[in-house]
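Assemble chain B onto chain A, guided by the hints.
Protein sequences appear in the order of chains A and B. Everything in the first sequence is counted per the numbering used here, starting at 111 for the first residue and increasing by one. Everything in the second sequence is counted per the numbering used here, starting at 59 for the first residue and increasing by one.
One thing to keep in mind: the hints can contain errors.
Stated by the list, open to error - The calculated DMTMM-like cross-link candidates involving lysine to aspartate or glutamate, where the alpha carbons are at most 25 angstroms apart (straight line), are:
#, chain 1, residue 1, chain 2, residue 2
1, B, K86, B, D258
2, B, K71, A, E305
3, B, K265, A, E479
4, A, K388, B, E379
5, B, K268, B, D258
6, B, K268, A, E479
7, A, K388, B, D329
8, A, K388, B, D200
9, A, K486, B, D266
10, B, K265, A, E471
11, A, K248, A, E305
Unchecked claim - Ranges of calculated distance between the beta carbons of each label pair, as one might list FRET restraints:
#, chain 1, residue 1, chain 2, residue 2, range
12, B, D66, A, P134, 45 to 53 angstroms
13, A, D143, B, D66, 53 to 61 angstroms
14, A, G128, B, A115, 40 to 48 angstroms
15, B, A308, A, G128, 21 to 29 angstroms
Keep in mind the hints are simulated off the structure, nothing from the lab. Cβ coordinates follow ideal geometry from the N, Cα and C atoms, glycine included.
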Amino acid sequence: MDLTFSDSETAFRDELRGWFAANPPGEEPTEEDANYAWRRDFQRRLAADGLAAVHWPQEYGGRGATLTESAIFWEELGRSGAPLPANVLGVLLAGPTIMTWGTPEQKERHLAPILSADEIWCQGFSEPDAGSDLAALKTRAVREGDEWVVTGQKVWTSGAQHSKWCMLVARTDTDAAKHKGLTYFLMDMEQDGVEVVPLRQITGEPEFNELFIDGARIPDAHVLGGEGNGWKVALTTLMNERAGLGFMLQVRLRQQLDELMAEAAGRGLLDDPVVADKLGDLQLRTETLRLTAYRGLTAIQKYGTPGPEGSLLKWMWSDTNQQLAQLAADLLGPAALEAGTPAAYELLRTRGNSIEGGTTEVLKNIIAERVLGLPKAR
Amino acid sequence: MDFDLTQDQQEIKTVARELLAARSPWAKVREAADAREYGDALWGELAELGWPGIAVAEEHGGQGLGAVELAVLLEELGYACAATPFLSTAVAASLIQACGSDEQRSRHLPALASGEATAGVGTRELCADAAGAAVLVLLDGDEAELVEGFEAEALDVIDSTRRYARVSGGSAEPLGPGAADRVRAAVAAEVVGISQQALDMTLAYVKDRKQFGVPVGSFQAVAHRCAQMLLDTESARSTAYFAAWAADAAPERLPEAAALAGAAAADGGRDVTASAIQAHGGIGFTWEADVHWLYKRAQLDTALLGGARRHRAALCRIAAERVGVTA
Chain A
111 MDLTFSDSET AFRDELRGWF AANPPGEEPT EEDANYAWRR DFQRRLAADG
161 LAAVHWPQEY GGRGATLTES AIFWEELGRS GAPLPANVLG VLLAGPTIMT
211 WGTPEQKERH LAPILSADEI WCQGFSEPDA GSDLAALKTR AVREGDEWVV
261 TGQKVWTSGA QHSKWCMLVA RTDTDAAKHK GLTYFLMDME QDGVEVVPLR
311 QITGEPEFNE LFIDGARIPD AHVLGGEGNG WKVALTTLMN ERAGLGFMLQ
361 VRLRQQLDEL MAEAAGRGLL DDPVVADKLG DLQLRTETLR LTAYRGLTAI
411 QKYGTPGPEG SLLKWMWSDT NQQLAQLAAD LLGPAALEAG TPAAYELLRT
461 RGNSIEGGTT EVLKNIIAER VLGLPKAR
Chain B
59 MDFDLTQDQQ EIKTVARELL AARSPWAKVR EAADAREYGD ALWGELAELG
109 WPGIAVAEEH GGQGLGAVEL AVLLEELGYA CAATPFLSTA VAASLIQACG
159 SDEQRSRHLP ALASGEATAG VGTRELCADA AGAAVLVLLD GDEAELVEGF
209 EAEALDVIDS TRRYARVSGG SAEPLGPGAA DRVRAAVAAE VVGISQQALD
259 MTLAYVKDRK QFGVPVGSFQ AVAHRCAQML LDTESARSTA YFAAWAADAA
309 PERLPEAAAL AGAAAADGGR DVTASAIQAH GGIGFTWEAD VHWLYKRAQL
359 DTALLGGARR HRAALCRIAA ERVGVTA
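Only chain A is shown next, with the shape it has when bound in the complex:
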């Protein structure tokens, strides 16, 4: 047991700190397109110095970073105030999925433009009637010669308006069992059969989109992992979903909590034992999340599989983030409710945390079944 970074991990962290210090992100633009351009440019700066995807193998332009080093990268990115890279879904999800399942041609074609943010990726998994029950998805792909013709609807596709490619899971065999008739496609978004419609969320902004797919065409060469193998390939994507990024979110949580501490101190509220108790509880939750995340990393590095603690992290984070937003609203008073303020935004945006990427209820079901070995929940 050693809860300090090794010499090489410390050196890596210091290198990153130096890089982030030398590459300040600047003020975050509020206007949507400018914001996107800002995030894309920042990723290009990272890519120019080989830092856009440190966890990727060196042969694909990464650093071959260990899980701990990758965690350090995301912690430092969060600490520096740098934006989430524009192609975060490409870097974290599409790239590793293509590395696992792709043909040599697919790897050759796609990986480099992911790193450089020249081609942005989005994720076409969820549908209006297939959220937690992903395998119930209905989007159809029908073979026509050496092409597939796709019809259906996807939802919650963040970044679709900027995307060149979509990780699309569609049903290719309606007679097969639910999980079996699916195929994973790399779909070109730049075609007539794909319409992106912004989905306005409770914050008022359209962070996500709906995707209306009507007769979109995908060459057979863009099937990933083989026809009928879509569920397995999708699981690879989903397994990557919570890696790395969690460490950035955890650092952001720490920063927001520190800001709230300062705010509370400025208002003389730390003398209030009830306030101090709640802030102390958030300190506990935030630090427990960090410690538990590192236990999870150790388990994966040593044994190849996450321990029971790994499945708890997203639940712990979303709960804590929501409670932080609530406490901020309590401490700041009506000022926290003024539209457009960070506190008001968090009060609204954090409600999505316990839904996106797996609802807390579904996570609890997964923990009960897969970690605790309980019978399938009803």
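Same frame as chain A, now just chain B:
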């Protein structure tokens, strides 16, 4: 970064789990609780293994290991809810080793490490294993002192698997910095084991118990309660082992680590063991079901920890200092 037990520590854990399953099954715990007396056999065996001196230097007759190994044993003793003076004796010995003077070490450690003498740990109001103890470690806020020549008045508390007393008189000597935090880190480690046992018993029960024709563990309301028990147990584990590690390897982080461990264990242990009673349904409310021993021990451990609130207050204070604001 390696947040896991070493192979040696894992072996200690396995040996302890197996030994205690054989020597301290629930029947023995119940027997000791009913008699309000520890059996000599179990304590003798633990002493034989050198466990009371696990974190005592070899020159004083100990094993020369550290706070993490102590935490591993405490977790397993908690898992068994074993009726022994192990917690107070081994923790007091580890404190004298880490925070005592040379003179205190040579005066107390050989007898404590060998199990010939026992110690008590707690406060003057509530001290575990004070009766018959050679020496006590008493906490007063963040200070800890070594007390001899005291009087112990037995307390009849809800946890009859351990002896508790009120303490008066005696001569006190101060212990060095970190002593109070080490006590809390150690008690938190016991709570991890208690919580794990409560979870394991609950899982076994809800998989087996059928109502409406199906195992009750298939109902989401029950399953989600179990998931929460896991979250609380793992949170207590993450923080307790952080504190145990910090005690020896990063003393400058021990105050925060002990506050984290104390806050997580004080509430987590009570919540998990209360959930165990609830998930067992009617049977959980009976004396025979044994989960009540865990609930009672968790309540007393929370009292020994000084409650969660003081630790959350400490966490707020420490964070305020780090952020550069004052409470």
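### Task
Would you check the hint for A:K388 and B:E379, treating anything up to 25 angstroms between C-alpha atoms as holding?
holds (17 angstroms)
### Query
Is the Cα-Cα distance between B:K71 and A:E305 25 angstroms or less?
It is violated: about 58 angstroms lies between the C-alpha atoms, which goes past 25 angstroms.
### Message
Holds or violated: B:K265 and A:E479, Cα atoms, limit 25 angstroms.
### Response
Satisfied, since the Cα-Cα distance of roughly 11 angstroms is no more than 25 angstroms.
#### Entry: Status of the given 40 to 48 angstroms range, CB of B:A115 versus CB of A:G128
Given a distance of about 43 angstroms, which is inside 40 to 48 angstroms, the answer is holds.
### Query
Could one say that the CB atoms of B:D66 and A:P134 fall in the range 45 to 53 angstroms?
Holds - the Cβ-Cβ distance for B:D66 and A:P134, about 47 angstroms, lies within 45 to 53 angstroms.
### Message
Verify the CB-CB distance for A:D143 and B:D66 against the hinted window 53 to 61 angstroms.
### Response
holds (58 angstroms)
### Message
Run the distance test for A:K248 versus A:E305: straight-line Cα separation, threshold 25 angstroms.
### Response
Given pair A:K248, A:E305 holds - Cα atoms ~17 angstroms apart, limit 25 angstroms.
### Task
Take the C-alpha atoms of B:K86 and B:D258, compute the straight-line distance between them, and say whether it is at most 25 angstroms.
Distance of about 19 angstroms is within 25 angstroms: holds.
### Message
Between the beta carbons of B:A308 and A:G128, is the distance compatible with 21 to 29 angstroms?
### Response
At 25 angstroms between Cβs, range holds.
### Message
Just to be careful, I want the Cα atoms of A:K486 and B:D266 compared with a cutoff of 25 angstroms; is the pair within it?
### Response
This hinted pair holds, its Cα atoms lying about 14 angstroms apart.
### Task
Quickly compare the C-alpha distance for A:K388 and B:D329 to 25 angstroms and report which way the hint goes.
holds (18 angstroms)
### Message
With the threshold set at 25 angstroms, check whether the alpha-carbon distance from A:K388 to B:D200 stays at or below it.
### Response
holds (21 angstroms)
Hint 2 from the list above is the single one not met by this structure.
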